[in-house]
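Per the numbering used here, residue 286 is the first one in the sequence shown, and the count goes up by one each step.
Rather than coming from a laboratory, the hints here were simulated on the basis of the structure.
Please read all numbers here as calculations on a predicted model, not as lab measurements.
Hints may be right or wrong, so weigh each one.
[Said to hold, decoys possible] Here are the simulated distance ranges between beta carbons: (1) 436 to 413: 30 to 38 Å; (2) 434 to 380: 32 to 40 Å; (3) 385 to 365: 17 to 25 Å.
[Claimed, not checked] Lysine to aspartate or glutamate pairs mimicking EDC-like chemistry, simulated, CA-CA at most 20 Å apart: (4) 332 to 352; (5) 370 to 398; (6) 423 to 410; (7) 380 to 340; (8) 332 to 405; (9) 355 to 405; (10) 332 to 398; (11) 336 to 424.
Ideal Cβ positions, reconstructed from N, Cα and C, are used throughout, including at glycine.
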Amino acid sequence: MKKLFSVSTLTLASALVLAACGGGNEEATSTTESAASEGGLQDGTYKLVEKNLDENGWKTDFSITVEGGKITESNYENLNEAGAKKSEDEGYQEKMAEVSGVGPADYFPELNEQLVETQDPEAVEVVTGATHSSESFKEYAQQLIDAAEEGNTETIEIDN
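All chains, full assembly: derive it from the sequences and hints.
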């Protein structure tokens, strides 16, 4: 009788412990999900532009789209005075690739993909041969994320 009581008690205690652990995991998951939607990034499109052309005639035009509290799209580009994209300028691509081994048609998409994948500008790796652009990308991405945390969809203008 004592053995039966001990086995029953042990079984009941084990069931309670397992139930408590299972419930805790579900609660932790729902808490994590609600934290992402409540305290994280607010849905919307966030945009940053440089006001002035650089010494080569380009300025940054950068936007991110946030859906469900996550960055779903990143569009980092440089535009000239006419609004043409640097990544589509074949002459610029060839010249830069000759000198550094990489051009904007290569590294702009790579930087954009890394931001969407990592959700963190600090985790975006600098592209060899495009160090300055990579650093600008990371700095500007952080400013866009800061705006997304606040839900501020006003265009950020950089007086470069």
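Q: Could you check the structure against the hints above and give me the numbers of any it violates, in ascending order?
A: Result: no hint breaks.
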